[in-house]
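Student: If you count by UniProt numbering, then the sequence shown holds residues 1 to 163, one letter each, in order.
These are computed hints drawn from the structure, not numbers from a lab. Treat the hints with care, since some could be wrong.
[Claimed, not checked] Derived EDC-like pairs: lysine to aspartate or glutamate, alpha-carbon spacing no greater than 20 Å straight-line:
#	residue 1	residue 2
1	Lys87	Asp151
2	Lys76	Asp100
3	Lys76	Asp151
[Stated by the list, open to error] Simulated DEER-style distance windows between Cβ atoms:
#	residue 1	residue 2	range
4	Leu25	Asp117	19 to 29 Å
5	Ile146	Leu125	20 to 30 Å
6	Ala91	Pro123	29 to 39 Å
7	Gln55	Ala91	16 to 26 Å
8	Ala91	Thr52	41 to 51 Å
9	Arg153	Val44	52 to 62 Å
10	Leu25	Val118	21 to 31 Å
11	Leu111	Asp9	33 to 43 Å
12	Ala80	Val44	40 to 50 Å
13	Ala83	Gly130	27 to 37 Å
14	Leu81	Leu45	42 to 52 Å
Small disclaimer: the values here were computed from a predicted structure and weren't measured. Glycine residues also receive a C-beta, built at the ideal position from the N, C-alpha and C atoms.
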Amino acid sequence: MRLMSALPDFYYFIFAAYEPTLCILGFFGALAYAWPSDSPPPDVLPRASLVTVIQLAHVCALVGVINFFLLSAVRKHLHALPALQEKFTFALLCPLLIGDLMHLYLTLWSLGDQKWDVWNWSPMLWATIGLGMTLLIPRICWHLGIGRYVDARDGNFPKIFQK
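The whole structure should be built from the sequences, with the hints applied where relevant.
Tutor: Now the structure itself:
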């Protein structure tokens, strides 16, 4: 069966609905709870710390919103041009894949020797790693061309390129 979309329903759901939802919920979580859950809120949270946490959460939410609008436009306006769908989707998902890998690496690196003590990881750390993997794995699958149109494989090539 020939696939005709570089952004089929599964990938669209993951990257244009699920990921933005996670990002926006993370933003609201940071607004509501900008301190560790294993300690009470400090009497005075340094203003710079609060601003940093909220701004980082805002950037995360913004990335989710960008995903939704860009991928919705790709599906709506390029539905008849799967090769262009693939190029625009690649332009979004490639830096996000790099970001996923760096996020995982930096999270584990920042734990030092505690990264191997998985039984004592906090629920927040488990959520960070687990939810990150729910985005990383589909992104890798998209880049591998699993379950989607890949122009180099599925496209119509001019006769000079066919044997």
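Student: Run every hint past the structure and note whether it holds.
Tutor: Status of the hints after comparison with the structure:
Simply put, Lys87 and Asp151 have alpha-carbon atoms about 9 Å apart, close enough for the 20 Å limit, and the pair holds. The hinted pair formed by Lys76 and Asp100 fails the criterion: a straight-line CA distance of about 27 Å is larger than 20 Å. For the suggested pair Lys76 and Asp151, the alpha carbons sit about 19 Å apart, so the restraint of at most 20 Å is met. Roughly 28 Å separates the CB atoms of Leu25 and Asp117, a value that falls within the hinted 19 to 29 Å.
At roughly 29 Å, the beta-carbon separation of Ile146 and Leu125 lies within the given 20 to 30 Å, and the hint holds. Checked against the hint of 29 to 39 Å, the pair Ala91 and Pro123 passes, with Cβ atoms roughly 35 Å apart. A hinted range of 16 to 26 Å for the beta carbons of Gln55 and Ala91 is consistent with their spacing of about 25 Å. Distance hint for Ala91 and Thr52: a CB-CB separation of about 29 Å, inconsistent with the stated range 41 to 51 Å.
Arg153 and Val44 have their C-beta atoms about 59 Å apart, which keeps the hinted 52 to 62 Å range intact. Checked against the hint of 21 to 31 Å, the C-beta distance between Leu25 and Val118 comes to roughly 24 Å, which is consistent with it. Leu111 and Asp9 have their C-beta atoms about 37 Å apart, which keeps the hinted 33 to 43 Å range intact. For the pair Ala80 and Val44, the beta carbons lie near 58 Å from each other, so the given range of 40 to 50 Å is not met.
A beta carbon spacing of about 35 Å between Ala83 and Gly130 agrees with the range 27 to 37 Å that was offered as a hint. Here the CB-CB span from Leu81 to Leu45 is close to 50 Å, well matched to the stated 42 to 52 Å.
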